[in-house]
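Novice: The residues making up each chain are set out below.
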Amino acid sequence: MAAGRSMEDLHLLEDEVLVSRTQAGDTHAFDVLWHKYSPRIYSLIYNMTSNHEDANDLLLEVFAKAFRSINGFKGKSSFYTWIHAIAVNMTINFVKKRGRRFQMSLDDFDSNIHNDKEFIELTASNTPIREVDLSELQQRLNEAMMKLSVEHRAVVTMFDIQGMPHAEIAKILGVPEATVRSRLFYAHRQLQNYLEEFRKQ
Amino acid sequence: MMLDDQQLTQLLRLKRFEQPPPDYFDQALDELHHRLQAEAVHHSRHFGWLQDLFAELNSFRVPKAAYAGALGIFLVMATLMGTGIWSPRSTFDLYQAQTKAADENQNGGIQGGRIRLTALKADKQDIFPTIEPSDTGTPRYIMGGQPVSYTTPSSF
Chain Z
1 MAAGRSMEDL HLLEDEVLVS RTQAGDTHAF DVLWHKYSPR IYSLIYNMTS
51 NHEDANDLLL EVFAKAFRSI NGFKGKSSFY TWIHAIAVNM TINFVKKRGR
101 RFQMSLDDFD SNIHNDKEFI ELTASNTPIR EVDLSELQQR LNEAMMKLSV
151 EHRAVVTMFD IQGMPHAEIA KILGVPEATV RSRLFYAHRQ LQNYLEEFRK
201 Q
Chain H
202 MMLDDQQLTQ LLRLKRFEQP PPDYFDQALD ELHHRLQAEA VHHSRHFGWL
252 QDLFAELNSF RVPKAAYAGA LGIFLVMATL MGTGIWSPRS TFDLYQAQTK
302 AADENQNGGI QGGRIRLTAL KADKQDIFPT IEPSDTGTPR YIMGGQPVSY
352 TTPSSF
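The listed protein sequences correspond, in order, to chains Z and H.
Going left to right, the first sequence walks through residues 1 to 201 as the working numbering numbers them.
Going left to right, the second sequence walks through residues 202 to 357 as the working numbering numbers them.
Don't read these hints as lab results, they were simulated from the structure.
Since this is a predicted model, take the numbers as computed values, not measurements.
Virtual Cβ for every residue (Gly too), placed ideally from N, Cα, C.
It is possible that part of the hints are untrue.
Said to hold, decoys possible - Negatives, chain Z to chain H, calculated, CB over 10 Å:
1. 24
2. 72
3. 76
4. 86
5. 103
6. 150
7. 165
8. 167
9. 170
10. 174
11. 176
What the hints assert, rightly or not - What follows is a set of in silico ranges between Cβ atoms, one per label pair, in the way DEER data are often shown:
12. 25(Z) x 205(H): 44 to 54 Å
13. 223(H) x 85(Z): 23 to 33 Å
14. 250(H) x 177(Z): 45 to 55 Å
Said to hold, decoys possible - Among the chain H residues that face chain Z by a calculated CB cut under 7 Å, a handful are:
15. 204
16. 215
17. 217
18. 219
Using the sequences and the hints given, assemble the complete structure.
Specialist: Put into structure tokens, the structure is as follows:
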């Protein structure tokens, strides 16, 4: 009960305080950081790899690395930016090493998708996805994503799927905002072409 | 019909609904704990002594005056050696070295009709010039870095 109460209290703290507590040896503080960021980091890695098992391994590696390196975190950027940067770099390295030897292993769609306003709009309008079922749509989307370079996939994931602003993506990747915008432009053109090809099949 | 930018973004945002099983993150946190504990055990087994050493070094406190004192001693020594007032090397006395070597090698190490090998130890002999430099010219023959003759050979 006391532990539960203290965990609830920890959830109310700012990231800076949680990081300081972790640096001082409070592992519960790091657990709170996990609960706060692991779904976003998982989503980032999963959408860059299209494989649940790889995403699981990388997620654990990212947080293990963050825990080991937390004493070196000086707060020059937010914890959010810092851990996203670790995740993106580790995933890019992993995907480049993996090369073409991979199989998609996709998570299920959350059943709430059927109540999503954007999904209803898309399926109701005169678009290609009106004609495909959900699993086919998922397959096509992931195949199109995997045709992008991993750097472009990272930008699309953070901007289009996770809704991050350009400036935040630029900080995470350590590149100018203009580079983010140009990568996004190029990636969108490629995705439109790939999805067009699917439509004609 | 090709997807426009807005439709593409809407389509990509549907990927937010691709989710791992509901209890996935709790199980993954347990796995992370196990991994970090295993790493800590492995680390303490292999690098425990190194951590102890660093901890010991960190706990060792040097008085602040010691740094100033060491710097002062270094500057005094550098000044003394730089100006030639003091040198750590002993000066080489040519006359004494020649006399000592002559004594030791007298009669080629033969003393009392017996060869005294200890008198011929090459590694203990001091180095000194055995042939005086010529006033008239450069040495004609050099052996082992030492001039051995200043005269021109008469024949070969």
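Novice: In terms of Cβ atoms, is chain H entirely out of 10 Å range of residue 103(Z)?
Specialist: 16 Å, holds
Novice: Within 45 to 55 Å: is that where the Cβ-Cβ distance between residue 250(H) and residue 177(Z) falls?
Specialist: Between residue 250(H) and residue 177(Z), where Cβ atoms are some 49 Å apart, the hint holds.
Novice: Beyond 10 Å from chain H, beta-carbon-wise, is residue 24(Z)?
Specialist: Holds: least Cβ distance 16 Å, greater than 10 Å.
Novice: For the range 23 to 33 Å, tell me whether the beta carbons of residue 223(H) and residue 85(Z) fit it or not.
Specialist: Cβ of residue 223(H) to Cβ of residue 85(Z): about 28 Å, so the range 23 to 33 Å holds.
Novice: Is residue 76(Z) truly not at the interface, in the sense that its beta carbon sits beyond 10 Å from all beta carbons of chain H?
Specialist: Non-interface label on residue 76(Z) holds, nearest chain H Cβ at 25 Å vs cutoff 10 Å.
Novice: Please verify that the nearest CB of chain H lies beyond 10 Å from residue 150(Z)'s CB.
Specialist: 16 Å, holds
Novice: Return the status of the interface hint for residue 204(H): holds when the least beta-carbon distance to chain Z is below 7 Å, violated otherwise.
Specialist: OK, holds: residue 204(H) within 7 Å of chain Z, min 5 Å.
Novice: I want to verify a distance hint. Is the separation of the beta carbons of residue 25(Z) and residue 205(H) within 44 to 54 Å?
Specialist: 53 Å Cβ-Cβ, so the 44 to 54 Å window holds.
Novice: Once the closest CB in chain H is found, is it more than 10 Å from residue 167(Z)?
Specialist: 18 Å, holds
Novice: Taking 7 Å as the limit, does the beta-carbon of residue 215(H) come near enough to a beta-carbon in chain Z?
Specialist: This interface hint holds because 6 Å falls under the 7 Å limit.
Novice: Would the non-interface assignment of residue 170(Z) survive a Cβ cutoff of 10 Å against chain H?
Specialist: The claim stands: residue 170(Z) keeps its Cβ more than 10 Å from every Cβ of chain H (closest is about 19 Å).
Novice: Beyond 10 Å from chain H, beta-carbon-wise, is residue 174(Z)?
Specialist: Holds, since 24 Å exceeds 10 Å.
Hint check: no violations occur; every hint is consistent with the structure.
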